[in-house]
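Novice: So the chains spell out like this:
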Amino acid sequence: MNRGIRAMTFLSFFIFGLLINLQFKGTIMAKPKNGTTAKELAEQLEHEKSENAKLMEQLANLEVERDMLWKNIGNTLNNQQINELLKKKDYEYFRAGLTSVSGSGIVITMEDAPAKGELDIEDYIIHDNNINDILDELKANGAQAISVNGERVVLNTRPVCAGPTIIVNGNRYPPPYIIQAIGDPDILYDAIENMPQVALMRLTNIRVDVEKQEEIIINKYRMYSALENSLKGLEVVK
Amino acid sequence: MKVFKTVSLTAVCLVMGIIVAWQYRSVKMNQVLAQYEKKSVSEIIEELLAEKNNNENLKQRLQELQREVDTFKSGEMDVKENIEALEQQVLAARIKAGLETVKGAGLIITIEAGGLKTVEDRHIEELINELKASDVQAISVNDERIVAMSEIRKAGDYIMVNGNQLVPPYTIKAIGHADNMERSLKLLGGVLEKFQIYEFKTSIKKEENIVIPAVREEYIKIDRLTPVQ
Numbered sequence: 632m633n634r635g636i637r638a639m640t641f642l643s644f645f646i647f648g649l650l651i652n653l654q655f656k657g658t659i660m661a662k663p664k665n666g667t668t669a670k671e672l673a674e675q676l677e678h679e680k681s682e683n684a685k686l687m688e689q690l691a692n693l694e695v696e697r698d699m700l701w702k703n704i705g706n707t708l709n710n711q712q713i714n715e716l717l718k719k720k721d722y723e724y725f726r727a728g729l730t731s732v733s734g735s736g737i738v739i740t741m742e743d744a745p746a747k748g749e750l751d752i753e754d755y756i757i758h759d760n761n762i763n764d765i766l767d768e769l770k771a772n773g774a775q776a777i778s779v780n781g782e783r784v785v786l787n788t789r790p791v792c793a794g795p796t797i798i799v800n801g802n803r804y805p806p807p808y809i810i811q812a813i814g815d816p817d818i819l820y821d822a823i824e825n826m827p828q829v830a831l832m833r834l835t836n837i838r839v840d841v842e843k844q845e846e847i848i849i850n851k852y853r854m855y856s857a858l859e860n861s862l863k864g865l866e867v868v869k
Numbered sequence: 021m022k023v024f025k026t027v028s029l030t031a032v033c034l035v036m037g038i039i040v041a042w043q044y045r046s047v048k049m050n051q052v053l054a055q056y057e058k059k060s061v062s063e064i065i066e067e068l069l070a071e072k073n074n075n076e077n078l079k080q081r082l083q084e085l086q087r088e089v090d091t092f093k094s095g096e097m098d099v100k101e102n103i104e105a106l107e108q109q110v111l112a113a114r115i116k117a118g119l120e121t122v123k124g125a126g127l128i129i130t131i132e133a134g135g136l137k138t139v140e141d142r143h144i145e146e147l148i149n150e151l152k153a154s155d156v157q158a159i160s161v162n163d164e165r166i167v168a169m170s171e172i173r174k175a176g177d178y179i180m181v182n183g184n185q186l187v188p189p190y191t192i193k194a195i196g197h198a199d200n201m202e203r204s205l206k207l208l209g210g211v212l213e214k215f216q217i218y219e220f221k222t223s224i225k226k227e228e229n230i231v232i233p234a235v236r237e238e239y240i241k242i243d244r245l246t247p248v249q
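Keeping their order, the protein sequence lines are chains A and B. Quick note, the first sequence lines up with residues 632 to 869 if you use the numbering used here. Quick note, the second sequence lines up with residues 21 to 249 if you use the numbering used here.
Quick caveat, the hints were computed from the structure, so don't treat them as lab data. All values reported here derive from a predicted model rather than from experimental measurement. Keep in mind that the hints are not guaranteed to be accurate.
If we take Cβ atoms under 10 angstroms as the criterion, some of the chain A residues that face chain B in the derived model are [unchecked claim]:
1. Ile-636
2. Phe-644
3. Ala-669
4. Glu-674
5. Lys-680
6. Arg-697
7. Leu-717
8. Asp-721
9. Arg-726
10. Gly-734
11. Asp-759
12. Gly-814
13. Ile-849
14. Asn-850
Cβ coordinates follow ideal geometry from the N, Cα and C atoms, glycine included.
Chain A on its own, in the form it takes in the complex:
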């Protein structure tokens, strides 16, 4: 009995010591690397990002509340005009890419080649053109909604590759690059699989996986301010 306890104590202290050592090493090693500023900045950025997610959620809730209030007003006043306008608003938001949508289609997953071969390094990484060619091909084959790493493709969406990341609608994402498209899954699948650019990328081990899916959800276009603000330079001509 005494032995058992002793063995246990020994074991736990052994692990304990190991852990302290590990933790200590980790703390010490982390400090000199890259200086503290980069890490601090990264931490700040993480903080802003979580703040951003929180604000987006609050905004979504408020929008729902406002629409509910609007519906109530329409109902209590029994105002046909308001009710019809509300329906119209939902429909136009839906058509403008300002509503999240679901449907069947394909998902394309892309990633740079795991290792460089004997060709030029440029041949092993994904470029802006590769992504834009795929988007153009999807559109040409009847895609009705597209997203890149969760960012809805609207008129002025133009993904830009920057180092090992991609910037879509002003937000930066690490690989893998994921393109979702709702449309006829067979047509979209064949179109992408038959692209010469895709065959070329695969030759140098760039990952391009194409998959048909029954249910894809594509996010609405994320707006950080009122819709009207993004249309300031435009005047409607009747």
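Given the coordinates of chain A, work out where chain B should sit on it, guided by the hints.
Specialist: Same frame as chain A, now just chain B:
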């Protein structure tokens, strides 16, 4: 003695548990931060500023909405105001979708046939993608409005946009910040330089009042989409 042993063993286990949890947390945080290791400080700063700007805008938007909700609740908003606000939102969404004819300042670019090769779909596509990179608000090719899901295809010697055949000269209209758009087109090794090598006859001019027509209603297809929420 036995009591002492139990107490000490409990204490050790407790401390160990805390340490394991701590270690786990710090490993997780490091994993999150590890994605930034490949990035330079300036990149992180750039991203941080963008994110802060987004958050500022979001906060402002939240305030605006809160005010709207409050007016609703207080019942001070009259029916006429409600209808006007709703109509405005409907119109804004229609502009965003490209369903309204719009006017504004921007660039007009013309590309004529007769260079070393035919002007192809991909040339126009490349030019348009370049315009999209600066914050363009409306684009058309030979008065065919470009919308989010517009396609540009090859059709023999001509091109197809939104299912309509277009023939050269190609006139691309873009409403947006003219100087920014011009700059990104004229970049070294950019689209216009390529066009010069092909000897395409290209002209760019800035204009104050460019009119870009709406897309046909039936062109925006939604039969495969179901709204979520």
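Novice: With reference to the structure, classify each hint as holding or not holding.
Specialist: To see whether the hints hold, each was checked on the structure:
Taking 10 angstroms as the C-beta contact cut-off toward chain B, the hint placing A:Ile-636 at the interface holds, the least distance being around 7 angstroms. Below 10 angstroms, beta-carbon pairs count as interface contacts, and A:Phe-644 has one with chain B at about 7 angstroms; its hint therefore holds. Hint status for A:Ala-669: holds, given a least beta-carbon distance of 5 angstroms to chain B, under 10 angstroms. The beta carbon of A:Glu-674 is positioned within 10 angstroms of a beta carbon in chain B (closest approach about 7 angstroms), and the interface hint is therefore held.
Look at A:Lys-680: its Cβ gets to within about 6 angstroms of chain B, closer than 10 angstroms, so that hint holds up. A least Cβ separation of about 5 angstroms between A:Arg-697 and chain B falls short of the 10 angstroms threshold, and the interface hint therefore holds. For A:Leu-717, the interface hint holds, since its Cβ comes within 10 angstroms of a Cβ in chain B; the closest pair sits about 7 angstroms apart. Given the 10 angstroms rule on beta carbons, the hint for A:Asp-721 holds: about 7 angstroms separates it from the nearest Cβ of chain B.
Of the supplied interface hints, the one on A:Arg-726 holds, with its beta-carbon coming within about 5 angstroms of a beta-carbon of chain B, less than 10 angstroms. Look at A:Gly-734: its Cβ gets to within about 5 angstroms of chain B, closer than 10 angstroms, so that hint holds up. Look at A:Asp-759: its Cβ gets to within about 8 angstroms of chain B, closer than 10 angstroms, so that hint holds up. A least Cβ separation of about 6 angstroms between A:Gly-814 and chain B falls short of the 10 angstroms threshold, and the interface hint therefore holds.
The beta carbon of A:Ile-849 is positioned within 10 angstroms of a beta carbon in chain B (closest approach about 8 angstroms), and the interface hint is therefore held. For A:Asn-850, the interface hint holds, since its Cβ comes within 10 angstroms of a Cβ in chain B; the closest pair sits about 9 angstroms apart.
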